[in-house]
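Enquirer: Once you've looked at the hints, dock chain B against the given chain A.
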Amino acid sequence: DTGVSQDPRHKITKRGQNVTFRCDPISEHNRLYWYRQTLGQGPEFLTYFQNEAQLEKSRLLSDRFSAERPKGSFSTLEIQRTEQGDSAMYLCASSTDRDAAYEQYFGPGTRLTVT
Amino acid sequence: AQKVTQAQTEISVVEKEDVTLDCVYETRDTTYYLFWYKQPPSGELVFLIRRNSFDEQNEISGRYSWNFQKSTSSFNFTITASQVVDSAVYFCALSEPYNAGNMLTFGGGTRLMVKP
Chain A
1 DTGVSQDPRH KITKRGQNVT FRCDPISEHN RLYWYRQTLG QGPEFLTYFQ NEAQLEKSRL
61 LSDRFSAERP KGSFSTLEIQ RTEQGDSAMY LCASSTDRDA AYEQYFGPGT RLTVT
Chain B
116 AQKVTQAQTE ISVVEKEDVT LDCVYETRDT TYYLFWYKQP PSGELVFLIR RNSFDEQNEI
176 SGRYSWNFQK STSSFNFTIT ASQVVDSAVY FCALSEPYNA GNMLTFGGGT RLMVKP
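Quick mapping for you: the protein sequence lines, in order, are chains A and B.
Quick note: the first sequence uses our numbering, first residue 1, plus one each step.
Quick note: the second sequence uses our numbering, first residue 116, plus one each step.
Same shape as in the complex, but just chain A (with noise of 0.2 Å):
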């Protein structure tokens, strides 16, 4: 098993513009979960999936963000008109709801910057 993967690792983009990340989970993970970590600080919850359904979204997820993932598989982070705030670092992680733990594996992290 080759883990989470996330694409790209590193974005930079102009204030306003849109960015998608992509998160590929652990194979038959039927779980995902997107966070954001700010500099300094602890990842902080945005949004899971179980299976295709998004079954929780934070407040942390303004309009201008969405997420989505189709047949259960990959998942989508999609910003538009992107702000300065925006600029963290958004990690994805999946787990499996057959471990009774639902011990979560995180990728290596987009890392956004808006300038």
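Please keep in mind that the hints were generated in silico from the structure rather than gathered at the bench.
Where hints are given, some of them may not hold.
Stated by the list, open to error - Calculated lysine-lysine pairs in the BS3-like style (CA-CA distance at most 30 Å, straight line):
id	chain 1	residue 1	chain 2	residue 2
1	A	K57	A	K71
2	B	K185	A	K11
3	B	K153	A	K57
4	B	K230	B	K153
Stated by the list, open to error - Restraint ranges, calculated between C-beta atoms of paired labels, are given here:
id	chain 1	residue 1	chain 2	residue 2	range
5	B	T145	A	N51	22 to 30 Å
6	B	E174	A	Q84	36 to 44 Å
7	A	F74	B	K131	41 to 49 Å
8	B	P156	A	S62	40 to 48 Å
9	B	E174	A	N30	25 to 33 Å
10	A	E78	B	K131	47 to 55 Å
11	A	L60	B	L163	19 to 27 Å
12	B	T193	A	T113	31 to 39 Å
13	B	K230	A	Q41	22 to 30 Å
Everything numeric in this text was worked out from a predicted model, so none of it was measured.
We put the CB at the ideal spot given by N, CA and C, even for glycine.
Expert: Below, chain B alone, put in the same frame as chain A:
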């Protein structure tokens, strides 16, 4: 609501010293899970350990040990004979089974610097 506090923002030790990272949590649930993750300079979060709320037995794994005390809502992490490769940011986290698919609530992290 759940909350995790890591009061130590930064710790600096000399190689071979023992070091303890503190973690205090808050939750209303009787069933919950506690985690420690390591984030080296590369940025990827590496899972270290998970404990469930029904198991207060302390755990040792090589140079790492964890002390879980429900009475004080603490889940502390000790590194024995620290090494330079232990330098990283360490996060304590909490999850509740019926909260957003076991989403993780992280503390602010403790940056550990081990000097040779």
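Enquirer: Run every hint past the structure and note whether it holds.
Expert: Hints versus structure:
| no. | hint | in the structure |
| --- | --- | --- |
| 1 | A:K57 to A:K71 | 19 Å, holds |
| 2 | B:K185 to A:K11 | 42 Å, violated |
| 3 | B:K153 to A:K57 | 26 Å, holds |
| 4 | B:K230 to B:K153 | 18 Å, holds |
| 5 | B:T145 to A:N51: 22 to 30 Å | 28 Å, holds |
| 6 | B:E174 to A:Q84: 36 to 44 Å | 43 Å, holds |
| 7 | A:F74 to B:K131: 41 to 49 Å | 45 Å, holds |
| 8 | B:P156 to A:S62: 40 to 48 Å | 30 Å, violated |
| 9 | B:E174 to A:N30: 25 to 33 Å | 28 Å, holds |
| 10 | A:E78 to B:K131: 47 to 55 Å | 48 Å, holds |
| 11 | A:L60 to B:L163: 19 to 27 Å | 26 Å, holds |
| 12 | B:T193 to A:T113: 31 to 39 Å | 37 Å, holds |
| 13 | B:K230 to A:Q41: 22 to 30 Å | 25 Å, holds |
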